[in-house]
Amino acid sequence: MKKVIMKKGVCGSILMVLILSSLSSACSKHADNGSGKNAATLLIDARTTQYFTQERVPEADMEHILQAGINAPSAMNQQPWHFTAVTNREILQQISDEMSANRPAQADRGESTVKKAGIADAPLAIIISCQEGSEFDAGLACQNMLAEAKLLGYGGKILSSPTIVLNGDKKAEYRSLLGIPEDQSAAAVLLVGSEDRSADETMDGVTGPSVRSNAADMVTYVTSE
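To convert a position in the sequence shown, counted from 1, into our numbering, add 36.
Hints in this document: simulated from the structure, not taken from any laboratory. Since this is a predicted model, take the numbers as computed values, not measurements. Possibly wrong hints are sitting among the right ones.
[Stated by the list, open to error] Lysine to any residue pairs mimicking SDA-like chemistry, simulated, CA-CA at most 20 Å apart:
| # | residue 1 | residue 2 |
| --- | --- | --- |
| 1 | K207 | R139 |
| 2 | K152 | N138 |
| 3 | K206 | A82 |
| 4 | K206 | I80 |
| 5 | K207 | S136 |
| 6 | K152 | D133 |
| 7 | K207 | S196 |
| 8 | K152 | K206 |
| 9 | K152 | V247 |
| 10 | K152 | A82 |
| 11 | K206 | M135 |
| 12 | K207 | E134 |
| 13 | K207 | P217 |
Taking the hints into account, I'd like the entire structure generated from these sequences.
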């Protein structure tokens with residue numbers, strides 16, 4: 037019988053700490069939706085949210101989510117990141133408009149024609165920035181915050197495309213506007229908000245639930261047997 041090497045690995049330890057620490061702080065009006073969920077299946081069952089309501093994320097929940105990012109592991113505990121929590125819709129729309137203006141034509145690329153959540157479509161966008169070479173650490177912080185948001189009952193979506201604009205020609209302007217430290221660049225954006233359950237997320241194969249590869253094709257087990 038094959039043994040799962042992950043249970044002894046660093047990644048397994050990180051996920052266990054992430055889940056257990058997040059459970060202890062999941063206490064909001066959304067807690068009935070999130071904290072009651074079996075933590076062992078949280079990340080297995082998680083899916084990207086493509087439709088959000090505009091219901092405001094309470095400050096207490098926002099602080100829980102951000103603290104989960106602060107508590108993320110990093111090399112030598114350098115914590116080389118910064119988080120900018122944006123609820124200002126004008127700023128988010130500005131970024132979205134610039135992304136649209138800079139986006140190449142989508143014709144003949146076979147992509148979904150159904151609108152999916154962008155940076156201006158959720159009530160909260162957390163911009164994760166980091167020092168050069170610390171993108172992996174920033175990713176751990178982003179995943180920590182996403183898991184905390186899920187435990188609190190929110191939907192979430194990770195975006196990388198906004199960084200093209202945030203780190204582009206207007207980088208200095210956005211750095212000042214968003215409070216990004218001088219020695220850091222935007223690495224990702226995490227969207228957080230209540231899921232719009234009235235939306236049909238199965239309208240096409242791209243917007244609907246994505247099919248994941250079978251573990252047998254993606255995982256190698258190294259055992260002592």
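Hint by hint, here is what the structure shows:
1. With a C-alpha separation of about 17 Å, the suggested pairing of K207 with R139 holds against the 20 Å cut-off.
2. With a CA separation close to 18 Å, the supplied pair K152 and N138 stays within the 20 Å bound.
3. Annotation: proposed proximity of K206 to A82 is violated, straight-line Cα distance about 35 Å (limit 20 Å).
4. Restraint check for K206 and I80: the C-alpha separation of about 38 Å exceeds 20 Å, so the hint is violated.
5. For the given pair, K207 sits about 17 Å from S136 by alpha-carbon distance, which is consistent with the 20 Å threshold.
6. Restraint check for K152 and D133: satisfied, since their Cα atoms lie roughly 15 Å apart, inside the 20 Å limit.
7. Restraint check for K207 and S196: the C-alpha separation of about 15 Å stays at or below 20 Å, so the hint holds.
8. With a C-alpha separation of about 25 Å, the suggested pairing of K152 with K206 is violated against the 20 Å cut-off.
9. Of the pairs offered as hints, the one joining K152 and V247 holds, with about 17 Å between alpha carbons and a cut-off of 20 Å not exceeded.
10. The suggested pairing of K152 with A82 holds, with an alpha-carbon distance near 17 Å, which does not exceed 20 Å.
11. Of the pairs offered as hints, the one joining K206 and M135 holds, with about 12 Å between alpha carbons and a cut-off of 20 Å not exceeded.
12. Taking the CA atoms of K207 and E134, the gap is near 12 Å; set against the 20 Å cutoff, the hint holds.
13. Distance restraint check for K207 and P217: the Cα-Cα separation of roughly 11 Å lies within the 20 Å cut-off, and the hinted pair is therefore satisfied.
When the structure is compared with the earlier hints, violations turn up for hints 3, 4 and 8 and for no others.
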